[in-house]
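Protein chains in written order, with numbering that gives the first Met the number 0: chain A, 0 to 97; chain B, 0 to 471.
Where hints are given, some of them may not hold.
Reference listing, derived: stretches of chain B covered by chain A, where coverage requires no fewer than 3 residues with Cβ under 8 Å from a Cβ of chain A [claimed, not checked]:
1. 55 to 61
2. 368 to 376
Distance windows between CB atoms, simulated [what the hints assert, rightly or not]:
3. ASP68/A - PRO205/B: 44 to 50 Å
4. ALA64/B - ALA81/A: 47 to 53 Å
5. ARG38/A - ASP93/B: 41 to 47 Å
6. LEU192/B - ASP17/A: 33 to 39 Å
7. ASP68/A - VAL289/B: 52 to 58 Å
8. ARG38/A - ALA231/B: 54 to 60 Å
9. ALA81/A - GLY274/B: 35 to 41 Å
10. ASP93/B - ALA81/A: 32 to 38 Å
11. ASP68/A - ARG444/B: 26 to 32 Å
12. ASN190/B - ALA81/A: 45 to 51 Å
13. ARG178/B - ASP39/A: 19 to 25 Å
14. ALA70/B - ARG38/A: 32 to 38 Å
15. ARG38/A - GLN351/B: 45 to 51 Å
16. ASP39/A - ALA193/B: 17 to 23 Å
Quick caveat, the hints were computed from the structure, so don't treat them as lab data. As the structure is a prediction and not an experimental result, all values here were calculated from the model. A virtual CB, placed ideally from N, CA and C, is assigned to each residue, including glycine.
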Amino acid sequence: MFKRSDQDSRRSVHIVVDGAAVEAREGDMVSAALLASGRDVRRATAVSGAPRLPYCMMGVCFDCLVTIDGVGNRQGCLVPVAEGMQIEIQKGKREIGR
Amino acid sequence: MNTTPKRDGYDIVVIGAGPAGLAATMIAAEAGLSTLLLDENAGPGGQVWRAIASTPVTERDRLGADYWAGADLVQAVRASGAEIIQRATVWSLDRHLEVGVSVGGVSAFVKARRVILATGALERPFPIPGWTLPGVMTAGAAQTMLKSSGLVPDGRTVIAGQGPLLWLLAAQILRLGGRIDRILDTTERRNYLAALPHAFAFVTSPYFAKGLALMKEVRANVPVVTGVSELAAAGDGRLATVTYAAGGGRETISAQLLLLHQGVVPNVNLAMAAGIEHRWDDLQLCWSPVLDRDGSTSVEGIAIAGDGAGIGGAGAAVIRGRIAARAAVEALAPTAAAKLTSMATLRTGLVQAERGRAFLDTLFRPARQFRIPAGDTIVCRCEEITAKDILDAVAIGATGPNQLKAYRRTGMGPCQGRLCGLTVTELMAQARSKSPQEIGYYRLRAPVKPITLAELAAVPKTEADVQAVVRG
Chain A
0 MFKRSDQDSR RSVHIVVDGA AVEAREGDMV SAALLASGRD VRRATAVSGA
50 PRLPYCMMGV CFDCLVTIDG VGNRQGCLVP VAEGMQIEIQ KGKREIGR
Chain B
0 MNTTPKRDGY DIVVIGAGPA GLAATMIAAE AGLSTLLLDE NAGPGGQVWR
50 AIASTPVTER DRLGADYWAG ADLVQAVRAS GAEIIQRATV WSLDRHLEVG
100 VSVGGVSAFV KARRVILATG ALERPFPIPG WTLPGVMTAG AAQTMLKSSG
150 LVPDGRTVIA GQGPLLWLLA AQILRLGGRI DRILDTTERR NYLAALPHAF
200 AFVTSPYFAK GLALMKEVRA NVPVVTGVSE LAAAGDGRLA TVTYAAGGGR
250 ETISAQLLLL HQGVVPNVNL AMAAGIEHRW DDLQLCWSPV LDRDGSTSVE
300 GIAIAGDGAG IGGAGAAVIR GRIAARAAVE ALAPTAAAKL TSMATLRTGL
350 VQAERGRAFL DTLFRPARQF RIPAGDTIVC RCEEITAKDI LDAVAIGATG
400 PNQLKAYRRT GMGPCQGRLC GLTVTELMAQ ARSKSPQEIG YYRLRAPVKP
450 ITLAELAAVP KTEADVQAVV RG
């Protein structure tokens with residue numbers, strides 16, 4: 000769906016998405032890194048389980064909700080990637096205690 | 000840098016580091032006032048200058064001169080002595096000018112003598128059939144990824160809608176080697192006639208030459224279909240096709256990515272939660288705060304600058320930021336104000352910057368069919384409520400957006416009405432033959448962004464706070 004411009008010379012950052020290693024770039028937001036990864040990163044809504052991907056990428060639509068380092072319902076479009084960050088695609092509502 | 004504010008009180012707290020917020024912060028800090036700038040993003044710039052201090056797109060002509068115009072201001076603000084906190088989510092503001100802010104999962108309250116809200120705009124909801132499908136995004140979303148991560152579309156891509164941003168985005172995507180298969184222009188033909196009386200101001204404004212050049216650049220590379228109506232996205236679990244009507248026929252094309260845009264509207268959540276009076280704007284078709292000429296609101300001590308005050312664009316936002324900050328400096332430090340650019344000069348600049356806006360507002364007024372959906376089209380993305388659901392609720396007695404919450408939970412999901420509020424107001428107004436002003440809007444309350452109860456409970460408390468709620 001998206002590719003990286005060849006102008007992009009930022010350093011690589013390695014994140015883990017549902018157990019798989021994914022290469023991102025320093026300064027990427029989690030949602031951008033997920034969309035650039037080419038993986039199926041569709042979440043499932045809390046209400047009906049419908050598949051969704053990020054819609055606004057600016058913090059207002061909440062369709063980028065994702066579990067980051069064990070914490071659910073994070074807005075992936077507002078959180079920059081960090082080396083070793085553990086991402087889980089959130090299927091349904093946030094679990095209690097996470 | 001990423002910690003809660005250093006002090007519990009400031010002369011001026013500015014919320015939002017886009018053009019208006021940066022300009023306001025600059026003036027306030029230069030005048031010697033203690034100034035705190037809170038911004039939700041990872042870096043300053045807001046939407047229009049997003050990632051200006053970090054973008055991987057380094058060849059300047061790719062993003063254009065208007066983008067780089069923000070670089071000097073960002074540098075100046077960083078050197079101004081203002082305290083700047085990025086990734087700071089303001090979730091509360093009240094009449095006592097107390098600001099609740101969450102930074103890195105920790106919340107704090109700070110008191111301000113003056114607050115300048117520069118929370119900007121968001122894209123108008125574009126509720127067409129299938130707009131919740133994976134693969135349907137806003138044009139602004141694509142532009143955000145382009146600016147901050149150098150990402151461009153590379154599958155079959157359709158851009159649909161209208162307005163200046165759409166053409167700018169298309170040009171930027173093409174310059175960076177991205178793919179656009181078709182542009183579907185939804186501008187209503189009758190708008191051209193309606194905009195004619197404003198044409199002189201527009202052709203003599205800077206928008207004109209820039210806009211013409213962008214459209215020419217894009218049209219030379221991408222097929223553009225004009226007069227598009229009945230737009231719909233479809234697919235099983237993800238976008239597969241886009242269908243539309245134009246020139247008397249209907250067409251269905253395959254697409255992996257559909258980027259939608261029909262203008263921007265003020266992001267009113269924090270301002271409304273603070274109790275600031277808003278009015279329905281019949282030209283811009285949105286809620287705008289009631290302001291005096293300095294940007295002061297109905298709540299003493301709070302001003303609004305930038306597109307949150309009504310859409311005016313980045314140039315106007317910078318000047319409105321300066322005006323609001325100058326007014327605050329006049330009130331708090333009159334001697335320092337004497338050294339600043341005069342209010343009269345700023346106001347002349349604002350008139351200049353707003354030139355051509357009425358033409359754009361009229362020409363790109365979004366069509367009724369793209370604002371007020373019908374049938375099974377989802378209105379509230381969070382709670383997955385359709386237009387028919389809402390009309391059914393009206394039929395059994397729901398009178399306005401706040402009653403509708405009890406019937407269907409619209410606006411009660413995490414986005415708090417940002418993606419459905421305008422649609423709900425206009426849909427209910429139409430169904431009940433009332434004006435949007437009569438129908439009203441959701442009553443918004445803090446927290447305007449979700450925070451956990453644990454974070455709220457961990458906010459430092461005084462002995463008096465505890466005593467106030469302890470029984471016996």
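Hint check results:
For the segment 55 to 61 of chain B, the assignment as covered by chain A holds, since 5 residues bring a beta-carbon within under 8 Å of that chain's beta-carbons and 3 suffice. A stretch counts as covered by a chain when three or more of its residues have a beta carbon under 8 Å from one of that chain; for the segment 368 to 376 of chain B and chain A the count is 0, and the coverage is violated. For the pair ASP68/A and PRO205/B, the supplied restraint of 44 to 50 Å holds, since their beta-carbon distance comes to about 46 Å. At about 34 Å, the beta-carbon gap between ALA64/B and ALA81/A misses the expected band of 47 to 53 Å.
Checking the proposed 41 to 47 Å range against ARG38/A and ASP93/B shows it holds: the Cβ atoms sit about 43 Å from each other. Between LEU192/B and ASP17/A the beta carbons are some 54 Å apart, a value that contradicts the proposed interval 33 to 39 Å. For ASP68/A and VAL289/B, the hinted distance range of 52 to 58 Å is not satisfied, since their beta carbons lie about 43 Å from each other. Look at ARG38/A against ALA231/B: about 28 Å separates their beta carbons, and that is not inside 54 to 60 Å.
A beta carbon spacing of about 38 Å between ALA81/A and GLY274/B agrees with the range 35 to 41 Å that was offered as a hint. At roughly 34 Å, the beta carbons of ASP93/B and ALA81/A sit within the given window of 32 to 38 Å. Separated by about 30 Å at the C-beta atoms, ASP68/A and ARG444/B satisfy the suggested range of 26 to 32 Å. Between ASN190/B and ALA81/A the beta carbons are some 47 Å apart, a value that agrees with the proposed interval 45 to 51 Å.
Our hint of 19 to 25 Å for ARG178/B and ASP39/A holds, since their Cβ atoms are close to 21 Å apart. Between ALA70/B and ARG38/A the beta carbons are some 34 Å apart, a value that agrees with the proposed interval 32 to 38 Å. For the pair ARG38/A and GLN351/B, the supplied restraint of 45 to 51 Å holds, since their beta-carbon distance comes to about 49 Å. At roughly 45 Å, the beta-carbon separation of ASP39/A and ALA193/B lies outside the given 17 to 23 Å, and the hint is violated.
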